[in-house]
Amino acid sequence: KAGVTQTPRYLIKTRGQQVTLSCSPISGHRSVSWYQQTPGQGLQFLFEYFSETQRNKGNFPGRFSGRQFSNSRSEMNVSTLELGDSALYLCASSETSGPSYEQYFGPGTRLTVT
Amino acid sequence: GESVGLHLPTLSVQEGDNSIINCAYSNSASDYFIWYKQESGKGPQFIIDIRSNMDKRQGQRVTVLLNKTVKHLSLQIAATQPGDSAVYFCAALNYGGSQGNLIFGKGTKLSVKP
Numbered sequence: 001k002a003g004v005t006q007t008p009r010y011l012i013k014t015r016g017q018q019v020t021l022s023c024s025p026i027s028g029h030r031s032v033s034w035y036q037q038t039p040g041q042g043l044q045f046l047f048e049y050f051s052e053t054q055r056n057k058g059n060f061p062g063r064f065s066g067r068q069f070s071n072s073r074s075e076m077n078v079s080t081l082e083l084g085d086s087a088l089y090l091c092a093s094s095e096t097s098g099p100s101y102e103q104y105f106g107p108g109t110r111l112t113v114t
Numbered sequence: 001g002e003s004v005g006l007h008l009p010t011l012s013v014q015e016g017d018n019s020i021i022n023c024a025y026s027n028s029a030s031d032y033f034i035w036y037k038q039e040s041g042k043g044p045q046f047i048i049d050i051r052s053n054m055d056k057r058q059g060q061r062v063t064v065l066l067n068k069t070v071k072h073l074s075l076q077i078a079a080t081q082p083g084d085s086a087v088y089f090c091a092a093l094n095y096g097g098s099q100g101n102l103i104f105g106k107g108t109k110l111s112v113k114p
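These protein sequences, in sequence, are chains V and R.
Per the numbering used here, the very first residue in the first sequence carries number 1; after that it's consecutive.
Per the numbering used here, the very first residue in the second sequence carries number 1; after that it's consecutive.
Hints were generated in silico from the structure; no laboratory data involved.
Incorrect hints may have been included.
As the list claims (entries may be wrong) - Only pairs whose alpha carbons sit at most 25 Å apart, straight line, appear in this in silico DSS-like list of lysine-lysine:
(1) R:K106 to V:K57
(2) R:K56 to R:K68
(3) V:K13 to R:K42
(4) V:K57 to R:K42
Stated by the list, open to error - Simulated restraints on C-beta separations:
(5) R:P9 to V:K13: 39 to 49 Å
(6) V:G62 to R:P82: 38 to 48 Å
(7) R:Q45 to V:Q41: 16 to 26 Å
(8) R:Q76 to V:S51: 35 to 45 Å
(9) V:S79 to R:D55: 10 to 20 Å
(10) R:G16 to V:S22: 40 to 50 Å
(11) V:S70 to R:Q76: 40 to 50 Å
(12) R:K113 to V:Q17: 21 to 31 Å
(13) R:R61 to V:K13: 34 to 44 Å
(14) V:S51 to R:F46: 40 to 50 Å
(15) R:S111 to V:T38: 26 to 36 Å
Unchecked claim - Selected chain R positions facing chain V (in silico; Cβ < 8 Å):
(16) G41
(17) G43
(18) I48
(19) A79
(20) K106
(21) G107
Glycine included, C-beta positions come from ideal geometry on N, C-alpha and C.
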């Protein structure tokens, strides 16, 4: 079974631009969660989608948004990029939502904002 | 607010020795804990988990110990191998909540000397 894939793997954007990242979960997994990882703050939860519905959201500004499609693929969007948005963005998939923590992470998208 | 922290940011051990990585959490309501391993260029990988009704859980070459009294858990790796070199971090969760309640520590970088 193929793992979680994320595209693109690397991205360089300019402050003020917007960006869209994509995540394809493991086949059969309906839950996709997004995380931001930085050296200073570590891994922080952004949001979770299950069956095209946002189930939970972390403490991030409204510039961070996401969606999930009927095939469970998910995208996250960051508008009006700031330098502090530079980070590794990880998505993780699992079979179910809620307390199911056999999450499988993708390799991440490294976003650099200049 | 809630926090999960690791005692040492780096740990260097000799190949074949046992490794112990420690983690402390602040929320006494946390009742589920996970250890992850993250190798360079990859997403986190689930290693082992433990619920608060247990003090110890063993996996293949890994053992997690939980001390709820002092809100501390540790990951022990037996006969450490070069392939164990990675960043390890713990996460704490209020079971019954969604992924949004998963709080991650910042990580300990384990280096294995041949």
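Hints versus structure:
{"no.": "1", "hint": "R:K106 to V:K57", "in the structure": "holds (20 Å)"}
{"no.": "2", "hint": "R:K56 to R:K68", "in the structure": "holds (11 Å)"}
{"no.": "3", "hint": "V:K13 to R:K42", "in the structure": "holds (22 Å)"}
{"no.": "4", "hint": "V:K57 to R:K42", "in the structure": "holds (24 Å)"}
{"no.": "5", "hint": "R:P9 to V:K13: 39 to 49 Å", "in the structure": "violated (29 Å)"}
{"no.": "6", "hint": "V:G62 to R:P82: 38 to 48 Å", "in the structure": "holds (45 Å)"}
{"no.": "7", "hint": "R:Q45 to V:Q41: 16 to 26 Å", "in the structure": "holds (21 Å)"}
{"no.": "8", "hint": "R:Q76 to V:S51: 35 to 45 Å", "in the structure": "holds (39 Å)"}
{"no.": "9", "hint": "V:S79 to R:D55: 10 to 20 Å", "in the structure": "violated (47 Å)"}
{"no.": "10", "hint": "R:G16 to V:S22: 40 to 50 Å", "in the structure": "holds (42 Å)"}
{"no.": "11", "hint": "V:S70 to R:Q76: 40 to 50 Å", "in the structure": "holds (44 Å)"}
{"no.": "12", "hint": "R:K113 to V:Q17: 21 to 31 Å", "in the structure": "violated (44 Å)"}
{"no.": "13", "hint": "R:R61 to V:K13: 34 to 44 Å", "in the structure": "holds (42 Å)"}
{"no.": "14", "hint": "V:S51 to R:F46: 40 to 50 Å", "in the structure": "violated (23 Å)"}
{"no.": "15", "hint": "R:S111 to V:T38: 26 to 36 Å", "in the structure": "violated (22 Å)"}
{"no.": "16", "hint": "G41", "in the structure": "holds (7 Å)"}
{"no.": "17", "hint": "G43", "in the structure": "holds (3 Å)"}
{"no.": "18", "hint": "I48", "in the structure": "violated (11 Å)"}
{"no.": "19", "hint": "A79", "in the structure": "violated (26 Å)"}
{"no.": "20", "hint": "K106", "in the structure": "holds (4 Å)"}
{"no.": "21", "hint": "G107", "in the structure": "holds (7 Å)"}
Violation of the numbered hints given earlier is confined to hints 5, 9, 12, 14, 15, 18, 19; the remaining hints are satisfied by the structure.
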